[in-house]
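K.L.:
Using the sequences provided together with the hints, build the complete structure.
Just so you know, the sequences run in chain order A and B. Residues in the first sequence are numbered from 213 upward in steps of one, following this note's numbering. Residues in the second sequence are numbered from 1306 upward in steps of one, following this note's numbering.
Because the hints were derived from the structure by calculation, they are not lab data. Built from N, CA and C at the ideal position, the CB exists for glycine as well. Any given hint could be a false lead.
[Said to hold, decoys possible] Computed footprint of chain B on chain A; a stretch qualifies when at least three of its residues, placed anywhere within it, have a C-beta under 8 Å from a C-beta of chain B:
hint, stretch
1, 301-314
2, 325-333
3, 364-376
4, 522-531
5, 534-542
[Unchecked claim] In the BS3-like style, the derived pairs of lysine-lysine whose C-alpha atoms are separated by at most 27 Å in a straight line are:
hint, chain 1, residue 1, chain 2, residue 2
6, B, K1474, A, K298
7, A, K347, B, K1560
8, A, K429, B, K1474
9, A, K489, A, K541
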Amino acid sequence: MKSVFVYCEVENKKVAEISQELLSAGKRLAQKLGCPLEAMVFGNSLKGIESQISPYGVDKLFVADDARLEPYTTLPHAALAYKVLKQQDPQIVLFGATSIGRDLAPRLASKLNCGLTADATILDIGDHFVKKEKKEYTDLLYAIRPAFGGSIMANIINWDMHPQMATVREGVMKKEIIDENYSTEVITVEVNGVVKDEDFVVEVIDRHIEESGVNLKESPIIVAGGYGVGSKENFDLLKNLANILGGEVGGSRAAVDAGFIDHNRQIGQTGTTVRPKLYIAAGISGAIQHTAGMQDASMIISINNDPEAPINDIADYVITGDLGVVLPKMIKYYKENAK
Amino acid sequence: MRPLKIVVLAKQVPDTRHVGPDAMKPDGTVNRGKLATVFNPDDLHALELALNIKDRIPGTEVTILTMGPQKAADIVREGYYRGVDNGIMISDRRFGGADTLATSYTIVQGIKKISDYDLIVGGRQAIDGDTAQVGPQCADKLNIPQVTYVEEILEIEEDKIIARRRLSKGIETVAAPYPCLMTVHGSSPKCRSRIAKNVMKYKYARTKSELRSADEVLLNLHKKRPYLTIPEWSVEDIEADASKIGLAGSPTKVKSVSSIVLTANESKILTDSDSDIEGMIKELIEHHTIG
Ligand SMILES: Cc1cc2nc3c(=O)[nH]c(=O)nc-3n(C[C@H](O)[C@H](O)[C@H](O)COP(=O)(O)OP(=O)(O)OC[C@H]3O[C@@H](n4cnc5c(N)ncnc54)[C@H](O)[C@@H]3O)c2cc1C
Ligand SMILES: Cc1cc2nc3c(=O)[nH]c(=O)nc-3n(C[C@H](O)[C@H](O)[C@H](O)COP(=O)(O)OP(=O)(O)OC[C@H]3O[C@@H](n4cnc5c(N)ncnc54)[C@H](O)[C@@H]3O)c2cc1C
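P.N.:
So, in structure tokens, the structure goes:
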């Protein structure tokens, strides 16, 4: 049957942010195709988990609940997902491009002998004419992704080997609740019989997960600094501005490499992708690997002493000047003018 | 501890740090001729991880395996220079245009021909396709467990190997039995440099195809020192099913490619003067962007 399927990640009874993003993106695809949205979630103590998933408009939810399914290990999850997908035979399957999704999805694609697009940032539905077969394939998944170090966008399709699968980058799909009381059919997946003892051969001995700490993705305002900030001390100016505006501080890779700012605040292709309301880029030149992670900000302010800096091309406000002069003035005038 | 047999998967990649507009052909495949090639960065980390095990357990045998066009023999030579014991090259025009499913099938046919291994290590991802899919897909086809994003091997025991993994939001320590496949994260130790002695020894290592254009002197050298001839495997050599390789075996197709052009919009150009900055801040507050 035609359906869109989402693999949901869960830890400690909480459905991951990325999975909520995927459910929303999956629903939009399902609506275009006029088909149901289905999801699967495998973990421990999942009673009532549907309350976190249904609101996104999920028609069917497959739940496997077993203490051995958390923390995630590859083989048991792959065995369960394979079983469910074989049985449901969806058209499209989505995973997060996370440590888990990028571990699980390729293994599953190999088992199912189907295509998998990595790290998509745009999903759509469209047609494709195959010259060799003289045949038009309709309602295909367009999984559009950056490649080649972020310098190109490739639209990857797959028409002949079912299902079409993609991992999707975190933070790029908009979350959208359809209906708090959406009615979902919940189906229990039997773990025993599907998962064998030898699927537990890889043993997790120890695990440290940083719950959140920095939450760049959620922050509506980001004040980001680049190599042009010059020192760790100068980053305090950015922190001050971020604090009074209620935002977070981020940085370019050059700023991270220089030790001005923590690695987990890096924005860009190999860092976090953000889409805040306001992005202030101070002393950032605007390399494509950086802009790939922030160009969807609603408003961009660039502060750079080089009027030709590439970042200026995508900025709404271009301030040509020394950031050491500009940032204190922004702080001053904000304090004076904000109510 | 008994010595291990390790296979390192390494890929020659275009240097995506210097990409020009002609990097892709109109059909969406890579125009490799237009790009400088390098040893995929993560794969150098994988190589170091294998060589480090060899340091710890003498007798361990490291084999480097690459699939690619003729030029990719550089990868095998580089492996020799840094200390691997064997090199294998899988090369055949018919492998061209493969996506990750077809790539992993082909690599696995090669690994099956090697047959004897305890550990397969590869990079986490290649910097051209950036998919990180080949490792897990190989593990599935070999029906062995996978340990992705490995940062360090903590312990090597008789029946299991203990590794620390670098996850996007933390770290995890896992134990896996042999044989298993690991993908190695870029945060693991950097690869050692070339060993001068090995560079001397393997400078003239060549594949069969490369020898076709060789002169008498080089051919004689290869006759005298057979270890200089890098094994090169074709579709037939690895008994690959033609429908599972190359474009035919690849479900994913590139429909279209566009270079990222930064969208030019109307921007307001300001100076660092007080009036310009205050004006901007007032606008932002008025439009509820801040405040
Ligand atoms: C595979 C790959 C992945 C990458 N991933 C990322 C990524 O995720 N994120 C990322 O950011 N980069 C990434 N990069 C690196 C990227 O290519 C650039 O090198 C980096 O973004 C440059 O950072 P920058 O703009 O801070 O530094 P620079 O390019 O050095 O720019 C500094 C800027 O500061 C300005 N400046 C200097 N002094 C002042 C001053 N006093 N006042 C105002 N302006 C000043 C200069 O005019 C210049 O424009 C990646 C690269 C590769 C190859
Ligand atoms: C623009 C573009 C987009 C693409 N998108 C996709 C996509 O979404 N899905 C898809 O299936 N394919 C895609 N491909 C095809 C993919 O790049 C090729 O199949 C490639 O041969 C393997 O994938 P990778 O480079 O991403 O390797 P990765 O999976 O990132 O490589 C991981 C590791 O596997 C090992 N390895 C990989 N290839 C070899 C090799 N040839 N020899 C030895 N070891 C190797 C290395 O250890 C490497 O570090 C894309 C290609 C391009 C040019």
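K.L.:
Check each numbered hint from earlier against the structure, then list the numbers of those it violates in ascending order.
P.N.:
6
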